[in-house]
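S.K.: Chains as they are written, first to last, in the numbering used here: chain A, 1 to 137; chain B, 1001 to 1057.
Derived from the structure by calculation, the hints contain no laboratory data. Careful: at least some of the hints might be erroneous.
[What the hints assert, rightly or not] The calculated label-pair distances, taken between Cβ atoms and stated as ranges, are: (1) Ala72(A) / Leu1043(B): 39 to 49 Å; (2) Leu1048(B) / Leu96(A): 19 to 29 Å; (3) Arg104(A) / Arg1028(B): 16 to 26 Å; (4) Leu1048(B) / Arg104(A): 17 to 27 Å; (5) Met1052(B) / Arg104(A): 16 to 26 Å.
Backbone N, C-alpha and C define an ideal beta-carbon position, used for all residues, glycine too.
Take a look at the letters that make up each chain.
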Amino acid sequence: MSDKLSPVPATTAERSQSGGLVLLCLASWVVPGAGHLWLGRRQKGLIFLVALPLMFAIGLALEGRLFPFQLADMLVCLEAFAELGIGAAYFAGSALGLGAGDVRAVTYEYGNAFLIVAGLLNLLVVIDAYDVAKGRK
Amino acid sequence: MKSHLLLMALFAFFVSLVFAVIAKDEPRDQARLGGMMFGGFMLAAAVLGWFMYPFPL
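Extracted from the complex, chain B is given alone in its bound form (with noise of 0.2 Å):
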């Protein structure tokens, strides 16, 4: 697997997990924030990407 976006997916789903059933208790708890950990990750990948784009100038 070389795909850059389905790694960094990869990697934000695993952080968002555990950073989420680290933090809440209850399952829907720990479903909503992970969701939006995840959501939060791959928005701020996305914008920062398209930040990028004009480099290297």
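Bound conformation, chain A alone (with noise of 0.2 Å):
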């Protein structure tokens, strides 16, 4: 008898639960806190909501730079990949002019620093609202 299981199709209700799943992340992504606002984590939610853009409005103001994707430099190429995480407002910030940077400011490292260390926090948001969706937390 063998011991390996037959797989088995998944079911319209597991299709339709990961399809619910990925429109959570994007929206976690999109908009920090969504994802945990729309699981019924309110607090969380709210505080990502407010922490997360505000983390991001101040990198901004303090010159820093948001980094274009440049494939001949993989340094810049990561930095504006991490930056990216933030979701819409890097958009918005990029369609309104902002975050040219000025390396000259005395403030440009941290400026980056914020910029870049709010999107990575949005994408570990984004995971978490993952694991509070599937059971895990």
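Mind assembling these two chains? They're in different frames, but the hints should get you there.
M.R.: Right, here's the structure in full:
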């Protein structure tokens, strides 16, 4: 007798649940905290909704740079990916012409640290929302 | 705002806040962990600052 289990096709409910998870993660990425608010974790959602965009805005105010996706320079590309983690705020900042970054400013590196870390923290928040939705937390 | 200490404290505050809220569910636990992390960030910065005092040699 074989120990291997035969693959079971996903049911409609499982497929719809996985579609919901993708939507949840997408919402959580676009608007920080939206995933937690969706799941009824109001306190956590509101804190993320205020803290992360505020951190990003402070980064812009400190003359930080919104890095472009330059494949020729891997470090710049990685920084751009990290900043993109904040979601809609990245595109809003770019569209408004913010984040030019003044390398001569005393606060330039601080601004970059705020922008990059805000994006990375939001990615952690997305993973946390996913775990909550899966019932792991 | 150009004070390095204030900017570092602000950065430590945000990072501690988000980590604590992710890691803990109860507000009391969140406050405790967040406070400890914030204190740890500030203490580490002060200690590293003193270690860097002789530089550049």
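S.K.: List, from low to high, the hint numbers that the structure doesn't satisfy.
M.R.: Numbers 2 and 3, in rising order.
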